[in-house]
Each structure stands twice: as structure tokens, then as C-alpha cells.
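Visitor: Sequence:
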Amino acid sequence: MPEKKKRGVERKPIFLPIITDAFVEQGYRGTTTADLARRCNVRENELYRIWPSKKQMFLDSIDYVFEVTREHWQQVLDSRGDERSDAERILDFQSRDHGKMRLYRIVFAGLTESDDKEIRASLRKLYRKFYALLFELVSAHRSQSGHQAVSDESTIHTVWSIIGIGTIVDIQRELGLLSKSEREQFMRRTAGMFLQQ
0 MPEKKKRGVE RKPIFLPIIT DAFVEQGYRG TTTADLARRC NVRENELYRI WPSKKQMFLD
60 SIDYVFEVTR EHWQQVLDSR GDERSDAERI LDFQSRDHGK MRLYRIVFAG LTESDDKEIR
120 ASLRKLYRKF YALLFELVSA HRSQSGHQAV SDESTIHTVW SIIGIGTIVD IQRELGLLSK
180 SEREQFMRRT AGMFLQQ
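Heads up: the sequence shown at position 163 corresponds to 162 in numbering that gives the first Met the number 0, and the numbers run straight through without jumps.
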């Protein structure tokens, strides 16, 4: 790999959060590579050493949404402090913190571009990764909680319901439909109800 390209790739972890923030603020269409370069304090060609296109930057931002969320969840799980299940602890964290970084706006921007096969595939991959992680958490919770044998079908419905509740809370936050405390209460009660079924 040429030295300049190698140096550029090494800077990707530094640039990606900055680029993601730009997409959060301005959407996919409203963001230019010139703006991204300005925010990263580099010339556009330096970004093109790392990414072949603005679209690839956006696709990586979609992946970043999952990675950041997973890191936060792992921190919650690593800080054991009570007897609640991992699913209950994640639900509590999400109820308090959901949407704080506004990364859901990447998903919303991506949905407006879902006719693009690559963006659509990236969003599907994102949701599948969240689904797999939540399925594992919900299944473990039900097993630990002594629930009667619950079918995989029931767990599938629960996981998609929780994902849907998260999306509703994102909309409530974005449009100012509920206060922070109301959103927290809504998520805790509604998702908690599905979790306990």
C-alpha cells in the first residue's frame, strides 16, 4: 500500500466520528465532501485516500452507529452492580440514554435513500446486527428469569417490538413530542412489558 494511502487509512478512526456527526447534522444529501474535509481539517483528496466516495463514508457511518452502541452496551454489561439481567440493564440504560448522540438520524437519512441497493443493504445489515444482539439478550433474560419455555417465535416478536419502540422514541425525540422524562418512562414501561412477556 502506498505510504500516503496507508497514513490516510490509519486516520480513519479519527475521521469517522467527525464524518458521522456531519451526516447526523446535515443528512446524506445535505453533506458535501468539501464540508466533510473542512470538518476533518484536511483536503478532500485526503478523504478519498481512505474512502472512494461520499457514499462509502455514509455506509461506514451506518456501521459506526452499531459499533458505538455496542461499545456503550458492553460498558454497561461490564459494570455489574446488581442482580438484574443483562437485558434489563440495557433497557434501563437505553431508557435514560436513548438517542443522546442522535445517531438515529443516520438511519433516518438512510431510509430516504433506500432505493440505493448499497445503502439499503447496509441498513438491513445494521438492523440484523441489532436484532441478533437483542435476541441473545432477551433469550438469556427469559432463561434466567425462569419463564416457562418461550418459543423462538415469541422472542422474535419481542425483539422486533423493542426495536420498534426504539424507533418511536427516536421520532418522539426528534419532533419534541415527549419530554426526556416522558420518553424514558415510555421506553422503560413499554419495552419492559414486552421483555417480561
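Watch out, some of these pointers could steer you wrong.
What the hints assert, rightly or not - Within a straight-line C-alpha distance of at most 30 Å, the following computed BS3-like cross-link-like pairs (lysine-lysine) qualify:
(1) K54 / K11
(2) K116 / K54
(3) K124 / K53
(4) K116 / K179
(5) K124 / K11
(6) K11 / K99
(7) K116 / K128
(8) K11 / K116
(9) K179 / K128
(10) K54 / K99
(11) K11 / K128
(12) K124 / K99
(13) K179 / K99
(14) K53 / K11
(15) K99 / K116
(16) K53 / K128
(17) K54 / K128
(18) K54 / K124
(19) K99 / K128
(20) K99 / K53
In case anyone wonders, no lab produced these hints; they're calculated from the structure.
Visitor: So which of those numbered hints doesn't the model satisfy?
Guide: 4
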